[in-house]
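Novice: Protein sequence lines, in the order shown, are assigned to chains A and B. Letter by letter, the first sequence follows residues 1 to 800 in full-length UniProt numbering. Letter by letter, the second sequence follows residues 1 to 218 in full-length UniProt numbering.
For the record, the hints were derived by calculation from the structure and aren't laboratory data. Where hints are given, some of them may not hold.
Claimed, not checked - According to the in silico footprint, chain B covers these stretches of chain A (three or more CB under 8 Å from chain B): (1) 139-151; (2) 694-700.
Stated by the list, open to error - In the BS3-like style, the derived pairs of lysine-lysine whose C-alpha atoms are separated by at most 27 Å in a straight line are: (3) B/156 <-> A/653; (4) B/134 <-> B/156; (5) B/156 <-> B/133; (6) B/134 <-> A/794.
Unchecked claim - Here's a subset of chain B near chain A, in silico, CB distances under 10 Å, partners left out: (7) 8; (8) 15; (9) 18; (10) 54; (11) 95; (12) 105; (13) 114; (14) 116; (15) 118.
Cβ coordinates follow ideal geometry from the N, Cα and C atoms, glycine included.
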Amino acid sequence: MMQAGLHALLSHWWRRPFQLVTLLLGLATATALWSGVQAINTEARASYDRAAQALGAESRDRIVARDGAAINQDDFVALRRAGWLVTPVVDGRVQTENGSIRLLGVDPFTLPGGSLPGDLADTALDLSFLTPPGQVVVSPATADRLAGTDLPPIVRVEGVAPAMGYADIGIAQDLLGLRGQLSYLLVLDDQPLTRPSLDTIAPDLRVREGQGQADLARLTDSFHLNLTAFGLLSFAVGLFIVRGAVGLAFEQRRPVFRTLRALGLSTRALLGLLMAELLVFAVVAGALGIALGYLIATLLLPDVAATLRGLYGASVEGELSIAPVWWLTGLGISVLGTAIAAGSSLWQVARLPLLAPAQPRAWAMARERSMRWQAVAALALAVLAALTGWLGSGLVAGFAMLGALLIAAALALPLILHGALRLGGRMARGPVREWFWADTRQQLPGLSLALMALLLALATNIGVGTMVSSFRLTFTGWLDQRLASELYVTAEDEAQAGDLRAFLEERSRAVLPIFSAEGEIGGLPTEIYGVADHPTYRDNWPILSAQPDVWDRVAEGDGVLINEQLSYRDDLSPGDAIIVSGWQTEVAGIYSDYGNPLAQVLVGMDALDRFEDVRRTEFGVRIDPSETGALTDALIDTFGLSPDAIVDQARLKQMSLSVFERTFAVTGALNVLTLAVAGFAILTSLMTLATMRLPQLAPVWALGLTRGRLARLEMWRALLLAGLTMLLALPVGLLLAWVLLAVINVEAFGWRLPMHLFPGQWVLLMGLSLLAALLASLWPARRIARTPPADMLKVFANER
Amino acid sequence: MLSVDTLSKTYPGEAGPTAVLKGVSFGLDDGDTMALQGESGSGKSTLLHLIGGLDRADSGRIVIGEDEVTALDDRGRARLRRDSVGIVFQQFNLIPSLTVADNLAFQARLAGRRDTDWDARLTERLGLADHGKKYPEQLSGGQQQRVAIGRALAAKPRLVLADEPTGNLDEDTGERVLDLMLDLVRETGATLLMVTHSAQLAARMNRRLYLERGALSG
Ligand SMILES: Nc1ncnc2c1ncn2[C@@H]1O[C@H](COP(=O)(O)OP(=O)(O)OP(=O)(O)O)[C@@H](O)[C@H]1O
Ligand SMILES: [Mg+2]
Chain A
1 MMQAGLHALL
11 SHWWRRPFQL
21 VTLLLGLATA
31 TALWSGVQAI
41 NTEARASYDR
51 AAQALGAESR
61 DRIVARDGAA
71 INQDDFVALR
81 RAGWLVTPVV
91 DGRVQTENGS
101 IRLLGVDPFT
111 LPGGSLPGDL
121 ADTALDLSFL
131 TPPGQVVVSP
141 ATADRLAGTD
151 LPPIVRVEGV
161 APAMGYADIG
171 IAQDLLGLRG
181 QLSYLLVLDD
191 QPLTRPSLDT
201 IAPDLRVREG
211 QGQADLARLT
221 DSFHLNLTAF
231 GLLSFAVGLF
241 IVRGAVGLAF
251 EQRRPVFRTL
261 RALGLSTRAL
271 LGLLMAELLV
281 FAVVAGALGI
291 ALGYLIATLL
301 LPDVAATLRG
311 LYGASVEGEL
321 SIAPVWWLTG
331 LGISVLGTAI
341 AAGSSLWQVA
351 RLPLLAPAQP
361 RAWAMARERS
371 MRWQAVAALA
381 LAVLAALTGW
391 LGSGLVAGFA
401 MLGALLIAAA
411 LALPLILHGA
421 LRLGGRMARG
431 PVREWFWADT
441 RQQLPGLSLA
451 LMALLLALAT
461 NIGVGTMVSS
471 FRLTFTGWLD
481 QRLASELYVT
491 AEDEAQAGDL
501 RAFLEERSRA
511 VLPIFSAEGE
521 IGGLPTEIYG
531 VADHPTYRDN
541 WPILSAQPDV
551 WDRVAEGDGV
561 LINEQLSYRD
571 DLSPGDAIIV
581 SGWQTEVAGI
591 YSDYGNPLAQ
601 VLVGMDALDR
611 FEDVRRTEFG
621 VRIDPSETGA
631 LTDALIDTFG
641 LSPDAIVDQA
651 RLKQMSLSVF
661 ERTFAVTGAL
671 NVLTLAVAGF
681 AILTSLMTLA
691 TMRLPQLAPV
701 WALGLTRGRL
711 ARLEMWRALL
721 LAGLTMLLAL
731 PVGLLLAWVL
741 LAVINVEAFG
751 WRLPMHLFPG
761 QWVLLMGLSL
771 LAALLASLWP
781 ARRIARTPPA
791 DMLKVFANER
Chain B
1 MLSVDTLSKT
11 YPGEAGPTAV
21 LKGVSFGLDD
31 GDTMALQGES
41 GSGKSTLLHL
51 IGGLDRADSG
61 RIVIGEDEVT
71 ALDDRGRARL
81 RRDSVGIVFQ
91 QFNLIPSLTV
101 ADNLAFQARL
111 AGRRDTDWDA
121 RLTERLGLAD
131 HGKKYPEQLS
141 GGQQQRVAIG
151 RALAAKPRLV
161 LADEPTGNLD
171 EDTGERVLDL
181 MLDLVRETGA
191 TLLMVTHSAQ
201 LAARMNRRLY
211 LERGALSG
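Using the sequences and the accompanying hints, generate a full structural model.
Specialist: Rendered as structure tokens:
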């Protein structure tokens, strides 16, 4: 019985292979888009986690001497013995006849893998690195410069910073004349839970906390959020295809279900068979989807890698490794997606009455009922979205709002289109046009799932596009304001800072000290920056809201500026009282500080003296932009500063711009992909409708319209529906962008991005969606144009 | 007004091509009403389709008035169907997305010959006055056929082709619908060519044609 039942159920698919392909392909693309985006995200994160551990970045905690002098090597040994996982580093300059390099001596035995920059991380360091004369690893360019000097043998490795060299710690100690001494110890990640405190082992040392590049990491988080939202929505778009295919297959198999039930198959057994069938499809399509997702990820990863490299200065390897977890989650998401898409169909089978009169009119009435139900649901969800936006807080509420909004829009779409088509029909003149509008309205139920998918794809496009573009515009504008100085220089220590300042003052219009300290507000860590009273700040600083004469008050120590994050966190406005590390003062103003996860306070230079451990090493330099290159070279030559210590404002801006270009490339690729999926959904719906189309078209043809004209009208119909959907997607997408920028971003990162509108993008998108509709309707239209008259005539004959 | 000359049509079939019409010739004058009879599969519908420009003949000539149907291309035949011929099939004549009233006026409006007085009279005579705003699926079979007849006549075509228009109706209803149709055709002065199985109905036409395996007999 079961076997016969299974055979009866499966035979449906063999007779309709196109439906089967649609189902599998829809499910596969949904899985592919989701798992591809996930793969990119995971890979990128893993890569810059590795990068964040690299030596150059000061992301790790370091152990340094309290007096700033060198550390005795015995302290290192004592710490290791006591269980501290630390690795020693010597850091110094080596002069050669061809200029100097900054030499880092490292211990390959205790240094975790992947801590070294560029290809060095993957280069096997062998015995000749460790034993005298040792080796010095530098970039190829530096190697050329150092050729012929009396350094140990030079090894060229891509990805090492210019003017930097790496050597074994013993070799480096000899070269730097620091025998038995260390510059600092790096504290590794996985420390034992119990270990004696630093004070009991080496009271002269202290831990200096890593500064991290967490601020930039936050920016990349924003980017990933973006990608994840995209992946999720693409998945949803794919599910619409699956929903359509499953719904149709179940609808068409209704008589088979009835027969099987009548023959004695229990509802439970029938459901079991159907679920087993769907499970097989889900697994097959899931596997296919994972392979496709892998393809998408490998195609997109270079762009993503470039984006993140630009953002983070860290390498994301352009290669992808498939983890077993990936396979499993991919299959899981495919099965879950099938369950979601098939849920209501299975439910209907469970409640299928044994004897149901096949009344087309009853069916139409059911459809009207479901329309009404849809309207109620859409309204309820819209209200829910508004309420969550109004009352809710937190990231979850933000995403709930997003979801409710999108589903509400999707549910409302058929109703709105219905209304629009009715209106169009009223305004139409001439019998063919009237028929066109009425007939389009009749096609709506069959197309609405695909159009919903298109709506989601377009709204996502508009939403994410607006978000990314707004981000770019705001961020670059903000960089212009915030990075008003042409050059930013950080000295290695305060002694050097004094010389540096004198050196710079001779060669620039102004030198603006940017001194900083760590403090707390309400027990939470806060960055404190001292700023000079200078027009550079008065004219440029990105103030969001402030009391009058804010800069005078800050300069006089009569108030502080706080960043937007802090104002959201502690609900502070200008004029409010604030206590910064015990100093009672007032908020004079709020400024925007994108990408920074931490609270930040700007105080006058004099007020900064109140705080402990002030770093007096950074300067902003105002010079003619054309002179930055020469000054940078002079700084490197004179002070031996590492290139990392000098930031050229123009370069930074250009870099962030190129980051956004690449972000656009990725977003653009995903845009096209989701649109293609939506286009495919339209195609499959049109194809399934085509089989039912003949009885609707044949009378019109018999009354004197050519097949060619009918085919052209079919294409116009697809264009009309896509165009109307796009018009509706516009407000939905903008609302989506607003939620992303004003709700989710604030919840996730603590800053709010102003929203900008980009009508040019909309026009382009309208063009793309029309193109997708045109392509999707091309084949069905061709089929109409080629239908033999005899097939048309069969509609009117007895035997149908 | 209609002349058919050695008309032939062959359908490709699974068991080789089958000749459905084998050199059929006849003519009709203005206002003629002709019954086309014959066994099932003898080619009656095919002949009607060729005359109405719905399909192409393999050889032979069909002329309606000045129009040589067999020489027309796809667009020409579409125009012919629109302007000169009214067709009623056995079933599924109506456009499902349009109301009864819109269906009735559709062809006349296509041909640019809408006559609202005539429409109203047709609607009245066909007993459709209460159904104008309904959709075809909400009508009974007999009502649907009456709409189809009304639509074929609304444009006052020169030639009306009907393929068993009452074949799906019970005898009484069929009789009444046909009476009505004959009356209305006479009123417009159109020529009628109608396929029917009923000798009774055929008797009420002024001419009869008998088709036997693709050729005229008797
Ligand atoms: N599209 C087609 N392809 C192949 N053969 C066809 C096609 N249409 C009709 N035929 C064949 O042509 C022959 C004539 O068909 P036609 O429909 O003209 O007969 P008919 O006289 O109208 O019969 P009925 O009284 O049953 O309606 C039949 O044998 C039929 O099987
Ligand atoms: Mg027939």
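Novice: In ascending order, which of the hints set out earlier in this document are inconsistent with the structure?
Specialist: 1, 3, 7, 8, 9, 14, 15
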